[in-house]
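Visitor: We have chain A already, so just place chain B on it with the hints.
Residues per chain are reported as follows:
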Amino acid sequence: MKSENPFFDNELLKASFKESFIKLNPRILIRNPIMFTVEVCAGIMAVVCLAILIGDQSQGSFTYNFIVFLVLLLTLLFANFAESIAEARGKAQADSLRKTREETPAKLKDGRTISSSELNKGDEFICVSGDIIASDGEIIEGLATIDESAITGESAPVIREAGGDRSSVTGGTKVLSDRIIVKVTAASGESFLDKMISLVEGAKRQKTPNEIALTILLSGFTLVFIIVCVTLKPFADYSNVSISIAALISLFVCLIPTTIGGLLSAIGIAGMDRALRANVLTKSGRAVETAGDIDVLLLDKTGTITIGNRKATKFHSISNVDSIELIKAASLCSLYDETPEGKSIIELSGLGKSSFALEQSKVIKFIAETRCSGIDISSQRIRKGATDSIKSLVESAGNIFPEELKSIVEEISGNGGTPLVVSVNEKALGAVELQDIVKPGIKERFERLRKMGIKTVMVTGDNPLTAKYIANKAGVDDFIAEAKPEDKMNYIRKEQEEGKLVAMMGDGTNDAPALAQADVGVAMNSGTQAAKEAGNMVDLDNDPTKLIEVVEIGKQLLMTRGTLTTFSIANDVAKYFAIIPALFVAFIPALSPLNVMKLHSPESAILSAIIFNAILIPFLIPLALKGVTYKPIGATALLRRNIMIYGFGGLIIPFIGIKIIDLIITLFI
Amino acid sequence: MDMNSEVWGIFAMFFITILIAIPLGKYISNIFSEGPNYLDKLFAPLEGLILRISGVNYQKEMTWKENLVALLTINLVWFIIGMLILMFQGYLPLNPDGNPNMTPDLAFNTAISFVVNCNLQHYSGESGVSYLSQTGLMFLQFVSSGIGITAAILLFKAFKGKGGQKLGNFYTIFLKSCTRILMPISLLVAIILLCEGTPMTYSGKDKMINLEGDSIEVSRGPVAAFVAIKHVGTNGGGFFGANSTHPLENPSYLTNMVEMVAQFIIPVAMVFAFGFFIKKKKLSWMIFSVMTIGFLCLAIPNTIMESQGSPTIERLGLNQSGGAMEGKEVRIGAAASGFWSIVTTVISTGSINSMHDSSMPLSGMNQMLAMMINGFYGGNGVGLLNFFVYIILAVFISGLMVGRTPEFLGKKVEGREMKIAMLVALLHPFLILIGTAITVSFPSIGSDTTNDPGFHGFSEMLYEFTSASANNGSGFEGLGDNTLWWNISTGIVLLFSRFIPIIGPIAIAGLLSEKRFIPEGSGTLKTDTVSFGFMVFAVIIIIAALAFFPTLTLGPVAEYFSIKK
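Protein sequences appear in the order of chains A and B. Take 1 as the starting number for the first sequence in this note's numbering and just add one per residue. Take 1 as the starting number for the second sequence in this note's numbering and just add one per residue.
Treat the hints loosely; a few may be bogus.
[What the hints assert, rightly or not] Chain B is nowhere near these chain A residues, computed Cβ spacing over 12 Å in every case: (1) E124; (2) N210; (3) T302; (4) K555; (5) F668.
[What the hints assert, rightly or not] Part of the chain B face toward chain A, derived, beta carbon under 8 Å: (6) M418; (7) P453; (8) F455; (9) F517; (10) T529; (11) F534.
If you're looking for bench data, these hints aren't it; they were derived computationally from the structure. Predicted model, so just to flag it, every value in this text is computed and none were measured. Where a beta carbon is used, it is the ideal one built from N, C-alpha and C, also for glycine.
If we strip away everything but chain A, and leave its shape as in the complex, we get (with noise of 0.2 Å):
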């Protein structure tokens, strides 16, 4: 799944050519005002050409009325043509997620075999091994390993059982091995999948508040230029001077903010996509715009800021013990320990099962009652543990446990380690300091967080001692040390009640509450059912570090609306030097300063006003489905930064582009 889309596809650029054509349905383009206005000015023009056809000797020539209604035609399919091209690839995404579950055979448990599209919420039905899980669901018996590669592209299998915190399985994922009974969450077109590929179909999308509210001062703009085109009228009269309706529709569409209201939905459609890209499922549009205001956010310190497990960095020996004698012993008593930390041990001291001569071991397990493992070899009993239980250990053989230990044990848990203990026939010999190993590149990314103004929280079950150190090291802002889920709760609701959003991700059933308090709350793919119902995204990768990408793409999104706003109304100030002028200079010549650009005639100033207006849009297609680059450089500089680029850019450019459109169109005359 992780395979990009290549940018435009020709199959998808052919069928967004034709879904071009059918968007101009007026009933379907009035959901975007801003267009419709200039389907109805194209309508208009459509009249004036005929009234020419059939002999109106005012609007001027023919060639001339047509070649403006053909523009508005082309300003009109080339902004349906940019949420088509972002429907298209958002479907295309989306579908190819889809394919692996359509249709897909359910074995229920009374024999019967159905349709996946078949299958009601409830339903239960059996996958043994070989078998494509046809629905999203919850297993509620049995175990089995999974191949969710489909979904993921992560190869390696993973372990779902009924019960605790592994038992959802997704729709489209492969059953390798064992049979699991599994229980349909959501009935066909429900789940979470389904949900997104109607964010991203143009007609079934709900506007976000942010789209909203941006339309509404899109809309306002429109007004105001429509009582400014419809008044020009009766002022032009009372001077004597006649406006062709080419020439005030024209003026109207070029005022009217096409650029932005042509590309809304595109940007809309295209952020969904691209979370879709970043393997997110999103409940709705909205989730993503939050996201972009998230300020704090809630992070596990396993798997997220420390690579899962603890390792083994450095082995401390007494001083009357040779430091190679506790290698030797750290090593042997872990040979058999298959827990990541006796394998780092391993890994630490480098002596494999072949530096020693291994007869007549015996190996003693980790069991609760001693808290500690090892081995006994020839007339040897090496163990390793917590610190108590090796000095009880020690003390109870009648042994002193060495002073310089204590404080040894002490510096490696001040350093937010973790001490194992090693003895030898009772005796200590020292211990191994065992490591959360940040993971690599972490610290910046929480870094470029602080930058963007979003606080981080490390949540662990670690003392508050080792936490401490964790965090300083990570670089979160905070942390809640010895977690409990409620714990998590309680520091959302604080941080809510001090009117903050907070984003948290999650996967067990105890992490939902949580999760739905939260204001963006990302489930991860292998949690449970409870949990992605809680949250309103769900992250097919169980990457935590997930959400990072997620506000970034929230805030693209609102970037994206708001430069392409302020791009196409500082663009308003060129048009008026175009075609005002042009408007009245033939009636009052002494206006002709005013034609600062120096356009070649009335008409050909109109016109490639219009075809500036008109192929903006394409040219803007790629920025509104990329998305504006956001940087983390602070509100202040980021607005300074997009002024310069975005409102003196739109300012200059059109001056520049409609200048070379009419020497272009000179040669033509």
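Guide: Structure of chain B alone, referenced to chain A:
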């Protein structure tokens, strides 16, 4: 007076205004802050008396809606009483000159125009109104200005702290605006005017022998009090027809300066009061800077253009070294007149000390632009409300540009607020352009009432609607505006353009106040920065320029290029 000292005079006046405005802003902020106030001893007995007599509920903390209902109701009462007095002034006392009743349409226009702080006068004070009416109008000048200040204070309260449901009590805020702000300043100004020779009497016309030996009648009345609140309250309605060009309304260079400072002072002080009140002084400086830059962009060209004189008259061989003196008073001069013409139009005063009809074409355009924008200082209180709408629009666009749901002072700006802000922003072009379009379409109501043909006549009509819609009240003059059409049409425009821009911003502020407060973070867009100030300025220019540029092209711009050397 030579041109140099004229310009220095203007500088001095401008800086004095700002110097007084800052402490005055602090004073205004203190008046409306919670808790007891050192001024209570002085004013509380009088205020308590008035509140008790009037029988209003002055202790209840009101929501924004309740405050608006109270505000609108009291305005309706004033309008009805005002119109009745004007229609029957002929029969009522205090009419020594025996002036007749007003016609209903003129009374309608006059009453509305004073209730809404506009003072578009389609009559002349000397012959059109009795002293009782003048006193009634003077009362309206006080209260309409008080309403503007009250509206702004309600907005302040909405953004104080973390906001809330209640914005204070309309009646007490309103009364304090009159007693503690308008009255003391007006009293001071009136005393200065009195000392310079402005009359203050209830006796009828005076008789005097002029230089030619003829006996003439001189109109007079309670002028000093009237002219004081005319400026302090940014009303602008003159006692006499000729407004502040009249020697008894504006006798000297000193009174000219005092009147200019008087109309300037409260609008500027309100900006600083906002910062003091919500404890965000930097925000005040952002607003003040944007307003001042806008103001100077209009005032400096006008002062220069008027000082340079008219190219048309120069072609006739007349010396223009004293500036364009057509329609100006010699005791005031071209530069100060040019400067005043912007002061009176950016602020919604609308009192004039020269005939704007005679200004250079682009000066006339700037005067209209000042009113079209109506937020560079603006009228008492309401100027800040207009500016607030521009801020909300700028907040929205800039908020998106930094990738965050737009917020202002910790409150999210969403669809509902945008709808109201757009409605208010739309109203102004709608009223001005539609009003003018209807008028020019029918020569009998339009061009027949103008003094001049062509572009200039067009400007006269456009100016009249602009002035009405900005609640400014100045006239381009040269327009025969006491007709049924002008009285009714501008009356309706006045009504909408006064109350919607009060209701809208207070509704936005009220809605925002009820929302959850979001503390500022490093991702939050700060509104007290240069960059944001630039955005606000751009929004203002875009809304005004984009909406009115084509229309202005057919009026002053065409005229300018036509008479250019």
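Visitor: Each of the hints needs a verdict: does it hold here or not?
Guide: Each hint, compared with the structure:
1. E124: E124 of chain A is indeed farther than 12 Å from all Cβ atoms of chain B, at 43 Å.
2. N210: 6 Å, violated
3. T302: T302 of chain A is indeed farther than 12 Å from all Cβ atoms of chain B, at 28 Å.
4. K555: Not fine: 3 Å to the nearest Cβ puts K555 of chain A too close to chain B.
5. F668: At roughly 29 Å from the nearest Cβ of chain B, F668 of chain A sits farther out than 12 Å, so the non-interface label holds.
6. M418: Hint on M418 of chain B: holds, closest Cβ of chain A at ~4 Å, below 8 Å.
7. P453: Since the shortest Cβ distance to chain A is 10 Å, the answer is violated.
8. F455: Where the cut-off is 8 Å and the nearest Cβ of chain A is about 7 Å from F455 of chain B, the hint holds.
9. F517: 5 Å, holds
10. T529: 5 Å, holds
11. F534: 7 Å, holds
Hint compliance for this structure: hints 2, 4 and 7 are broken, all remaining hints hold.
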